[in-house]
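Order-wise, the sequence lines are chains A and B. First residue of the first sequence? That's 1 in the numbering used here, and the numbers climb one at a time after it. First residue of the second sequence? That's 1001 in the numbering used here, and the numbers climb one at a time after it.
Please note that the accuracy of each hint is not assured.
Some, not all, of what chain B presents toward chain A, calculated at C-beta under 10 Å [stated by the list, open to error]:
#, residue
1, LEU1211
2, ASP1233
3, LEU1276
4, GLN1295
5, ASP1473
Computed footprint of chain A on chain B, listed as stretches where at least three residues anywhere in the stretch have a Cβ under 8 Å from a Cβ of chain A [as the list claims (entries may be wrong)]:
#, segment
6, 1141-1152
7, 1164-1172
8, 1190-1204
Think of the hints as simulated: they come from the structure by calculation, not from any bench. C-beta atoms are modelled at their ideal positions from N, C-alpha and C, and glycine is treated no differently.
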Amino acid sequence: MIGRRAHWVAVPALLGSFISACVVFGGVAGGATYTPTLFSWIVAGDFETSVAAHVDALTGVMLLVVTGVGFLIHLYSVGYMHDDPGYARYFAYLNLFVFSMTMLVLAGNFLLLYVFWEAVGLCSYLLIGFWYTRPAAAQAGKKAFIVNRVGDFGFGLGIMWLWTVFGTLDYGPVFDGAATLSPATATGIALLLFLGACGKSAQLPLHTWLPDAMEGPTPVSALIHAATMVTAGVYMVARSHVLFERSGVALDVVAWVGVATALFAATIGLVQTDIKRVLAYSTVSQLGYMFAAVGLGAYAAGIFHLVTHAFFKALLFLGAGSVIHGLGGEQDLRKMGGLSSRMMTTTITTTVGALGLAGLPGLAGFFSKDEILAAAFHGGQRVIWALLLAGAFLTAFYSARLLFLAFYSAPRMTKAVAHHAHESPAVMTLPLSVLAILTVVAGLAVGIPSEHGTRFARFLAPVFPVHEAAHGGLAGLMLLVMAVVVFAAGVTLAWVLYMSGPVRAEAIGRPRNPVHALLLNAYHVDALYDGVIVRPLFVLSTFLARIFDLKVVDGLVNAIGRVVVAGAAGLRRIQTGYTVNYALTMLAGAVFLVAFLLSR
Amino acid sequence: MPEPAFPSIALGPLLPTLFVLGAAGLVLLLDLLPRRSGKEHLAAVGLAGVVGGLLATLWRWGSNGRAFHDMIVLDGLALFANVVICYAAALVILLSVDYLGRAGAESGEYYALVLFATAGMMLLAAAGDLIVVFLALELMSLSLYVLAGLFKSPLAAGEASMKYFLLGAFASSFMLYGIALVYGATGATNLERVGAAAAAQGHAPLLAIGLGLLLVGFGFKTSFVPFHMWAPDVYQGAPTSVTALIATGSKAAAFAALIRVLVVALRSAQADWTVLLWAVAVVTMTLGNVVAIAQSNLKRMLAYSSIAHAGYMLVGLVAGGAPGAGAVLFYLLAYAFTTVGTFGVITLCTRAGQEAVEVADYAGLARRHPVLAATLGLFLLSLVGIPPLAGFVGKFYLFAAAVRAGYVWLAVIGVLNSAVAAYYYLRVIVYMYMREPDASPTAWAPSFSGGLALVIALIGIVLLGVIPAPFADLAQAAVAPLLR
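Take these sequences, add in the hints, and give me the full structure.
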């Protein structure tokens, strides 16, 4: 069987889809939009829906990210998962995920979008709980699925509402008809859709599943829980931006939820001690930036940040994975340090990734974050701008903290682990290097702002109208300076705290004051949900299960069942086996039929 | 001397049937040749004939051929039914090869009779005249009577064959009398002329009696209550491969002919037969499902299930119009794949040298033969009507048509019946997956051709379940011209 050689199927498959994505990208680069229909899917009464695609510049960008980053992470997985007993199962799930994700971005109507929205959720569940024998992994998988169900419930309602209004779910007629909606209806629909996005993209108040999702294999965290699936919410809001714009209120909600999440998650990320949890909260925070951008109407900026984030966050996760791999499974920042001498490629590439996240001028993350800040500033949303700037400071701090603690401070691991620490094989470092290069060049290539927006924004102009924002001038220069200052301040603070003297591992991660304790416990949101929602529901369902279901429902069902079975036993006796009786029954039936027809 | 005047004969519309008939003749001929070991070559000839019939059907697709003064009408309805019949016959032939070998009942006549029965079914679906309806019905039935009793042992086979023959003859006589009365009332046996005459004269007692007696004949073949009583005994006693053919092919042909007779010849009495079929549908569904619960023999249980499914299809006839009749055709296709598959699994299972036909024989099958158990499980789930399998979509179209035509209560009764049915289908799955096998476990007899048939049937139920719309459109388009 395939077994150990599963990657010979899975990786070339991804390469093939990446090449196809490049071809598609070439086709839409000129601004063309294709809406091919594969086949008619469900026809029931007035309801008709097809398996149809909607391919435009936005789809092209998403396809490139999903298949390109997906390919690199498949490659990386060959090394990372090489002695896992579930090797073939892993690649099967991962391929299923990429299929579902590409279908999600290709979908030409909301129903198909919903189907693959659920399909990527399923893959996420399967891969979070990939090591299903570990209770924590199984729990985390369930949590991700259930929290997402809350969002998807709203998403489903929104889609049904769309159908009742338009009688179709195809993108074309829905978006064309959005202008005819009353603002109240548009607000209702848009907010329900946004609830789905909150679940999938881990925004407040449905963010709690993403940090726990780190129980999955690290490449999965990189692909699904950083680069692609979690950005589906951003994609969906951007895709249906006409609905949100028709509402207005909904856009404000999106922006403010994004801002709140960005700050909220960044503060938690400041104090985490698990390397993957730092990255997880950072992902939640960066997704908040993307939502803030689309909420401000700067869709191209949001999608641009989605792309650059896919590069540097995938890079960071893969770098963290390389560290974990090299240290034999260690994820605790307190037991790392001094890796720069032992893991050269990993150190350099991860440093590039962390600086990209922190916003070092010149790297991709700097340009894309700057676009968002500029959109807030020029859009007159000064409060949002200030909050996002504060978030950028926090981001710079926790990125630098992660770098210093893991790579540059003195080693704190045990002798055995330190002796064993090694650089990862080329199949893992190659994707790291490619992603590092992308992190360096992506911003310079397409992200430099100009009079008519960035090159990236001009590319997406067929989908999103370009905002002719004045980027230059004194204000622009001031924004640039502010961004640099904030970056420098964050990094410097981290240097002072973690590099100026020896790090006392036992001092990190221990609550020093109430605020610190609050952050360490992620604002007690999990405990809050547990107390307010989970426990009361549990009590109610215990009552329903023990009393109502057993006594009332089961009693009723059993009674009906007994009646039917008794009837069956009785009716069975009619079947005597005697041919004469059968013939007689037929005769009686014939007489009845004829008599009835004559009587009419 | 004057030239003898031959009537013009258009063989095109007969082409699909001729393939099958030709194969039947060839099988009989080849069987006379000195004996080779085994009869696989005859199965191959038979399969080729049926596949030829299928290809000819597809080649004629979209045409509307008539032959012998409109006695044969190869229109969309007939072509669609032909597809169902040919698929069912082909799968049955594939299943038969090793099954007959194990039973020690290999014979050339078997394949010839299957082909004659198939030809009868195809003619029945294309019959444009009451005389042809009767002839085709007899060609099909007589072949099936013999096939049902093909196994010399056990005794039940002979009993099944005898009962089937006696009751079938009884039903045929009703039908023939009905045809005579219709002819008496309208002066025609051609369905279209009967329809025109019936529309002209309105409600006539003679015609009403004729309609009633015709329904008795069709009711026997399609096993409505109260003309269903042969079915459990015959399904149980007949060789399983033959049971599969009776349950699918003959039912598809009879339903196609029934649709044609009702909408072409007796449309003027639609109000009358709709009310009647409403009641018959309710009784048939309910009785079939309820009594199936009490069965311990799998084949007998499936016989009652088949009665219940006939009831579901009657719902489509009651709903009427292209959606209703189209739903019936779609259901026939879905049901053919599902049912041949279910019986197909039974033909592969043996226990202690006997065919495994008791539900209890399937205890713990999943432990020993997980693939086989999963296959049977899927077929059973399709019979229950669980998405995304063919059975679900079929039921959905039937009940949707009923709701749209205003028969909400009929649809509700149908859905409730489906819930009852879930009990006895799922019971088999419970046995397979949750019970321990006992001392003499059920084994499966590997068979390449049988496995191939199961794979085709599985693909069929999944395909119809996942992308039903194109097939449903074809089914509606097939009946739409008749309903204009």
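Evaluation of the provided hints:
no. : hint      : result
1   : LEU1211   : 6 Å, holds
2   : ASP1233   : 7 Å, holds
3   : LEU1276   : 6 Å, holds
4   : GLN1295   : 8 Å, holds
5   : ASP1473   : 7 Å, holds
6   : 1141-1152 : violated (count 0)
7   : 1164-1172 : holds (count 4)
8   : 1190-1204 : violated (count 1)
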